[in-house]
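Residue numbers (the working numbering), protein chains in the order written: chain A, 1 to 251; chain B, 1 to 718; chain C, 1 to 193.
Since the hints were derived computationally from the structure, they do not count as laboratory data. Be a bit skeptical, because a hint or two may be false.
Claimed, not checked - Restricting the straight-line Cα-Cα distance to at most 25 Å, the calculated cross-link-like pairs of lysine-lysine (DSS-like) are:
1) K87(C) - K181(A)
2) K87(C) - K152(C)
3) K77(C) - K40(B)
4) K135(B) - K418(B)
5) K551(B) - K135(B)
6) K135(B) - K385(B)
7) K106(C) - K77(C)
8) K106(C) - K40(B)
9) K82(B) - K219(A)
10) K181(A) - K77(C)
11) K153(C) - K87(C)
12) K152(C) - K77(C)
13) K243(A) - K77(A)
14) K385(B) - K418(B)
15) K355(B) - K195(B)
As the list claims (entries may be wrong) - What the simulated footprint calls covered on chain A by chain B, stretch by stretch (three residues with Cβ under 8 Å from a Cβ of chain B suffice, anywhere in the stretch; the number is not a length):
16) 68-74
17) 191-202
What the hints assert, rightly or not - Quick list of the computed label-pair ranges, beta carbon to beta carbon:
18) G83(C) - Q179(A): 27 to 37 Å
19) R216(A) - Y33(C): 37 to 47 Å
20) Y59(C) - N475(B): 51 to 61 Å
21) P213(A) - L317(B): 35 to 45 Å
22) K82(B) - P42(C): 34 to 44 Å
23) K181(A) - C81(C): 30 to 40 Å
Every residue gets a Cβ at the ideal spot worked out from N, C-alpha and C, and that includes glycine.
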Amino acid sequence: MAIPKIPEFKAEWKEGEEGRWGMAVDMDLCTGCQACVVACSMENNVPFVGEAEAGYGRSLGWIRVERLWEGQYPEVKMTPYQPVMCQQCGSAPCEPVCPVFATVHSQAEQLNVQVYNRCVGTRYCANNCPYVVRVFNWADFDRPDPLPNQFNPDVTVRRRGVMEKCTFCIQRIHRAEDQAKAEGREVLDGEAQPACAQACPADAIVFGRLDDPESRVSKLSRSNRGSHLLEELGTQPRVTYLKGGSNDRLG
Amino acid sequence: MTDSFTRRDFLKVMGAGAAATVLTGCGPASRYVTREPYTKMPEYTYNGQSTYYATTCRECAAGCGLILRTHQGRAIKAEGNKFHPLNQGKTCARGQATLHGMYNPDRVQFPAQHARGDATLTEMDWDAAIAVVQKALQDPQGTQFLLGTASDHLFDLVTDVCQAVGAPSPLRFGALSMFEARATLGEASRAVFGKPDLLFFDIANADLVISFGANFLETWLSPVAYTRGYAQMRRGDVRGHFVQLEPRLSETAAKADEWYPLLPGAEGLVVSALGKLFAEQKFGVAPAAFEMVDLAAAAEASGLTLEQFERLAALLLRAERPVILPGGAALAQAEGLETAKAILTLNALLDNLGKAGGVFHTPAAPLADSYHRPASAAEISALVKRMNAGEVNTLLVHGVNPLFELPAALGLEAALQKVKTVISFATFPDETALAADYIFPDHHGLESWGYQRVQTGAGQSALSGSQPVVVPYYNTRATADVLIAAAGDALPFKDEVEFLQSKVAALVEAPGGFYSAADLPSFWALFQQYGGWWQNDSSASAPSAAGALEKKLTFHAPEAAHAEGEHEEFSLYVYPSPILAEAGANKPWLQEIADPTTTVMWNSWLEMNPETAHHLGIEDDDVVRVISPAGEVEVSVYRYPAIRPDVVAIPFGQGHTAYGRYAENRGVNPALLFSAETNAAGDLAFGGVKVKIEKTGKKRPLSRLESKMGVYGFGEEH
Amino acid sequence: MANLLEILKKKEVVLLLVIAFLALLSGGAWAMYQTQIPPEQPIQFPHNIHVGLQIQCLYCHPGAQRQASAGLPTQQKCWACHGQLRKYSDPAAPVALNLWPTELQKLAGYVERNEPIPWVPVYQVPDHVHFNHRPHIAAGFACETCHGDMSKKTVATVGETVNMGWCINCHLENSVEDPLKRTKLIDCATCHY
Numbered sequence: 001m002a003i004p005k006i007p008e009f010k011a012e013w014k015e016g017e018e019g020r021w022g023m024a025v026d027m028d029l030c031t032g033c034q035a036c037v038v039a040c041s042m043e044n045n046v047p048f049v050g051e052a053e054a055g056y057g058r059s060l061g062w063i064r065v066e067r068l069w070e071g072q073y074p075e076v077k078m079t080p081y082q083p084v085m086c087q088q089c090g091s092a093p094c095e096p097v098c099p100v101f102a103t104v105h106s107q108a109e110q111l112n113v114q115v116y117n118r119c120v121g122t123r124y125c126a127n128n129c130p131y132v133v134r135v136f137n138w139a140d141f142d143r144p145d146p147l148p149n150q151f152n153p154d155v156t157v158r159r160r161g162v163m164e165k166c167t168f169c170i171q172r173i174h175r176a177e178d179q180a181k182a183e184g185r186e187v188l189d190g191e192a193q194p195a196c197a198q199a200c201p202a203d204a205i206v207f208g209r210l211d212d213p214e215s216r217v218s219k220l221s222r223s224n225r226g227s228h229l230l231e232e233l234g235t236q237p238r239v240t241y242l243k244g245g246s247n248d249r250l251g
Numbered sequence: 001m002t003d004s005f006t007r008r009d010f011l012k013v014m015g016a017g018a019a020a021t022v023l024t025g026c027g028p029a030s031r032y033v034t035r036e037p038y039t040k041m042p043e044y045t046y047n048g049q050s051t052y053y054a055t056t057c058r059e060c061a062a063g064c065g066l067i068l069r070t071h072q073g074r075a076i077k078a079e080g081n082k083f084h085p086l087n088q089g090k091t092c093a094r095g096q097a098t099l100h101g102m103y104n105p106d107r108v109q110f111p112a113q114h115a116r117g118d119a120t121l122t123e124m125d126w127d128a129a130i131a132v133v134q135k136a137l138q139d140p141q142g143t144q145f146l147l148g149t150a151s152d153h154l155f156d157l158v159t160d161v162c163q164a165v166g167a168p169s170p171l172r173f174g175a176l177s178m179f180e181a182r183a184t185l186g187e188a189s190r191a192v193f194g195k196p197d198l199l200f201f202d203i204a205n206a207d208l209v210i211s212f213g214a215n216f217l218e219t220w221l222s223p224v225a226y227t228r229g230y231a232q233m234r235r236g237d238v239r240g241h242f243v244q245l246e247p248r249l250s251e252t253a254a255k256a257d258e259w260y261p262l263l264p265g266a267e268g269l270v271v272s273a274l275g276k277l278f279a280e281q282k283f284g285v286a287p288a289a290f291e292m293v294d295l296a297a298a299a300e301a302s303g304l305t306l307e308q309f310e311r312l313a314a315l316l317l318r319a320e321r322p323v324i325l326p327g328g329a330a331l332a333q334a335e336g337l338e339t340a341k342a343i344l345t346l347n348a349l350l351d352n353l354g355k356a357g358g359v360f361h362t363p364a365a366p367l368a369d370s371y372h373r374p375a376s377a378a379e380i381s382a383l384v385k386r387m388n389a390g391e392v393n394t395l396l397v398h399g400v401n402p403l404f405e406l407p408a409a410l411g412l413e414a415a416l417q418k419v420k421t422v423i424s425f426a427t428f429p430d431e432t433a434l435a436a437d438y439i440f441p442d443h444h445g446l447e448s449w450g451y452q453r454v455q456t457g458a459g460q461s462a463l464s465g466s467q468p469v470v471v472p473y474y475n476t477r478a479t480a481d482v483l484i485a486a487a488g489d490a491l492p493f494k495d496e497v498e499f500l501q502s503k504v505a506a507l508v509e510a511p512g513g514f515y516s517a518a519d520l521p522s523f524w525a526l527f528q529q530y531g532g533w534w535q536n537d538s539s540a541s542a543p544s545a546a547g548a549l550e551k552k553l554t555f556h557a558p559e560a561a562h563a564e565g566e567h568e569e570f571s572l573y574v575y576p577s578p579i580l581a582e583a584g585a586n587k588p589w590l591q592e593i594a595d596p597t598t599t600v601m602w603n604s605w606l607e608m609n610p611e612t613a614h615h616l617g618i619e620d621d622d623v624v625r626v627i628s629p630a631g632e633v634e635v636s637v638y639r640y641p642a643i644r645p646d647v648v649a650i651p652f653g654q655g656h657t658a659y660g661r662y663a664e665n666r667g668v669n670p671a672l673l674f675s676a677e678t679n680a681a682g683d684l685a686f687g688g689v690k691v692k693i694e695k696t697g698k699k700r701p702l703s704r705l706e707s708k709m710g711v712y713g714f715g716e717e718h
Numbered sequence: 001m002a003n004l005l006e007i008l009k010k011k012e013v014v015l016l017l018v019i020a021f022l023a024l025l026s027g028g029a030w031a032m033y034q035t036q037i038p039p040e041q042p043i044q045f046p047h048n049i050h051v052g053l054q055i056q057c058l059y060c061h062p063g064a065q066r067q068a069s070a071g072l073p074t075q076q077k078c079w080a081c082h083g084q085l086r087k088y089s090d091p092a093a094p095v096a097l098n099l100w101p102t103e104l105q106k107l108a109g110y111v112e113r114n115e116p117i118p119w120v121p122v123y124q125v126p127d128h129v130h131f132n133h134r135p136h137i138a139a140g141f142a143c144e145t146c147h148g149d150m151s152k153k154t155v156a157t158v159g160e161t162v163n164m165g166w167c168i169n170c171h172l173e174n175s176v177e178d179p180l181k182r183t184k185l186i187d188c189a190t191c192h193y
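One chain only, chain A, in its complex shape (with noise of 0.2 Å):
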């Protein structure tokens, strides 16, 4: 059986590819409203931890709704609510540090895949991410009969001892390019909805192809409101986050 030379192993991003797979996330809109967490961690089979464990920041959330407080009282207010999930950078810091290929380039979806079967927890992925979103599985976190009647099929259910993190619900975007070449079409855009953009009250989180320049989340992501987290990094994140305010004519 003569089988094929397998491409060698290289870095994948290249300067100027705009990626895929991307998110805006409209922090004007975003109410901070936790729906997002909730519905990734259903979708996901993502496990809670208890009250003791999530004080160690042990919470294995794949998204968390950042805010910060700026001035003293009277005068104090609330930074814009931040949803801060995996970045799916095209140049991610989290890759070339795994000993075992477990936190790779998918080449296929331009997304920064965490390979279970292979992840041996040396959790160096997590240190060298700059966004903090990578969550590691200190045990096997209890959920007693019949919670798991909730697991979703689709999603591998983790065990201890492994790395996981945001994966832009890659089981849906798999489900709608399946369904689209099955009808021999591209998948339309807002098609593949990850659980977060689809449970978003504000409609705040928009996602979709990046490669589409007519597509809604490529717009929003040309938009001059737009900013990327610790883009001086280098990381080339595949979210945008839009500030507002701008044209509010009381203001």
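Using the hints, position chains B and C against chain A.
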């Protein structure tokens, strides 16, 4: 009804095999699992493919439409119903977590009898259970139903049952309606607009929203619909401006462009002041409604300044489509009814009634004969009196947990002792269920038939439909079926589905529907398919406020908290937890969600201004005793940077003594601190409660998502 | 170190080590053998007879064409044919159930009790692998490429060693000309998520 049978066959399924497969996780391939196919393949179903059912969320009374993804007979994920006029495909955190209520390990699993207060249940069979209910209905005068705010179909059925047997009308209650002061809003709407109504505030099209404590992005009335409206307001060509006035910066206020921390109870004065300033500058003369107010005194009493009043009046003058929201915290005050009237009158003065971005009458929900608002605290008090007088022999409770949700000061716990038989239909062993003699568990909302009226949030007249998405997991039975069986010939229905069909039959002919059907069976099929019935076009109508501006409104300065001596007094501000609301504490993922403002998880906290804390020598996580005339609780302090120094706040939602392992003995219930004082509309006036804070010397760390460094950092002087 | 060598020189120790090694070896061989024998099935389903009757694979496993899982037929489907087989249920001369072949009696029993048949999956992948039949059938692969010639088998057996190397080999062989396709076919995220 054949539908109900086929559905059960539909879901007669394997579960175990599939669950076993999933459970093995990343482990070695489990070779000897079994895969059990359907015995009969349900129509339109394929092995291994998900089936989606439209139903209605029952986590609050709003009535959002859900689409449940089910897989091989298990419910996997709740998603929003895109066609539903209220939530348009979106859900809130509580809606997402509804599955953790259904697949919760602590549900009541069978009909049972038990000694009051004892958690050990003795199993009964359903025939015996029905006989118990039957016996209760034979003494109609002594029978009282107490229902929750969801679901409406059960309320309608119970109303029918009570009429048929001659029992007093059922009462409804929900903690959220108490915090929203719905009776006050309804009464104010009746007084100002001539029609009791929850009203619809079109913030989507407003260019200025001034909200008096309305937490419409959290729990207020219909949070998903109002969040959508908020997003639309911000997304417009001209970004709408949003001002929030409340003593602490809530999740909603965090989104406001301007936040004014006013003293609780001073809302009426501020509204009047704004009305006076606006009218004087716009028309040269203030209407009778607002002319009484003394601006300087109002500023003094509310803790705001005259400049801030001027600023707000200037905003009102420049705005084209302003709207003022009456939040529950502003209404649940001694003068709450007057405040509500003042806010509605100010809207009338701003001339936004029935206009884009203004105030509308919600169209009557389908099948609504009149506006059924939940009971006010005064009405519950009346029930407690009747119970104490021995007039209630049987109390039947469904969908509400009054022992937890009502202020202890109302005395319900003692009154329950006077009731011979208490029957609970709770799905969870909550506080009230454990104080009952019988628990006849209803199905979880996702296992149930039903409908819920959309009372507010959408311009269309809408009825949300529920259908079972999975076979009931435990030996539970629909309360409607139990009542129909117990009522016997008094009701002309065989079961719940027949009752529902008799009700929705009226809609088959109704004009302007989202779909139309020639006959009831096809209508019923579409009703399940789309998850309800609604009109295509908005039929919200313009309220008329004839003469309202001429009615004088007077307000008194709220009693300020005393700040003298060792025992400093604070105004207590209680708000429903944005994540847990009234009944979310039993869902583990909701417990783990960080509070949007403090990021605290799995517990209660007391919010205190850092300056005040510093002055009292209190640090984060210090346990303090909060003492009100009605009771006291011990709770950890969270130094909250955005709260008035003379106010402390505790979220409502924790502090259960029952209600499953995830809720029990966790946090405190601030309802223990409320007095039984009510306002003129009968709503609890909890806004005026004053508390003393005592240090206990104990420390109990709060788990929070934000860094342990806290807001100001460890050990840093400020 | 020297001590250890001394101990190893003892005959008994060497014998013990050899025994331990052999025990491990045979245990390993047994475990590997276990993965290769077909599991016990509730009904010894004769695939050969059904395929011999020209029944298409997709008639009973239609999911293969449209979704991830090929699916097992419902007993309703089995009974649609078996409930009216001329051989046993000829109205003129019906054969009593207890005279039917044993395996068919079992089927009749499951149907009568309305009980699902607890089949044991033969081809299965670990839970961290998400296999989808549809694209494989759409790409024109015949069922026997992976599942073997079912016209020669009664109950299903594993014809190939289903592991990742086997998957990848096939994916590589079938994407020689198309680099884009290869990217997709050897991508971790295609199967692992």
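Verification of the supplied hints:
no.	hint	verdict
1	K87(C) - K181(A)	violated, 45 Å
2	K87(C) - K152(C)	holds, 24 Å
3	K77(C) - K40(B)	holds, 8 Å
4	K135(B) - K418(B)	holds, 18 Å
5	K551(B) - K135(B)	violated, 52 Å
6	K135(B) - K385(B)	holds, 24 Å
7	K106(C) - K77(C)	holds, 15 Å
8	K106(C) - K40(B)	holds, 17 Å
9	K82(B) - K219(A)	holds, 23 Å
10	K181(A) - K77(C)	violated, 30 Å
11	K153(C) - K87(C)	holds, 23 Å
12	K152(C) - K77(C)	holds, 23 Å
13	K243(A) - K77(A)	holds, 16 Å
14	K385(B) - K418(B)	holds, 10 Å
15	K355(B) - K195(B)	holds, 18 Å
16	68-74	holds (count 4)
17	191-202	holds (count 6)
18	G83(C) - Q179(A): 27 to 37 Å	holds, 36 Å
19	R216(A) - Y33(C): 37 to 47 Å	violated, 56 Å
20	Y59(C) - N475(B): 51 to 61 Å	violated, 39 Å
21	P213(A) - L317(B): 35 to 45 Å	holds, 44 Å
22	K82(B) - P42(C): 34 to 44 Å	holds, 43 Å
23	K181(A) - C81(C): 30 to 40 Å	holds, 34 Å
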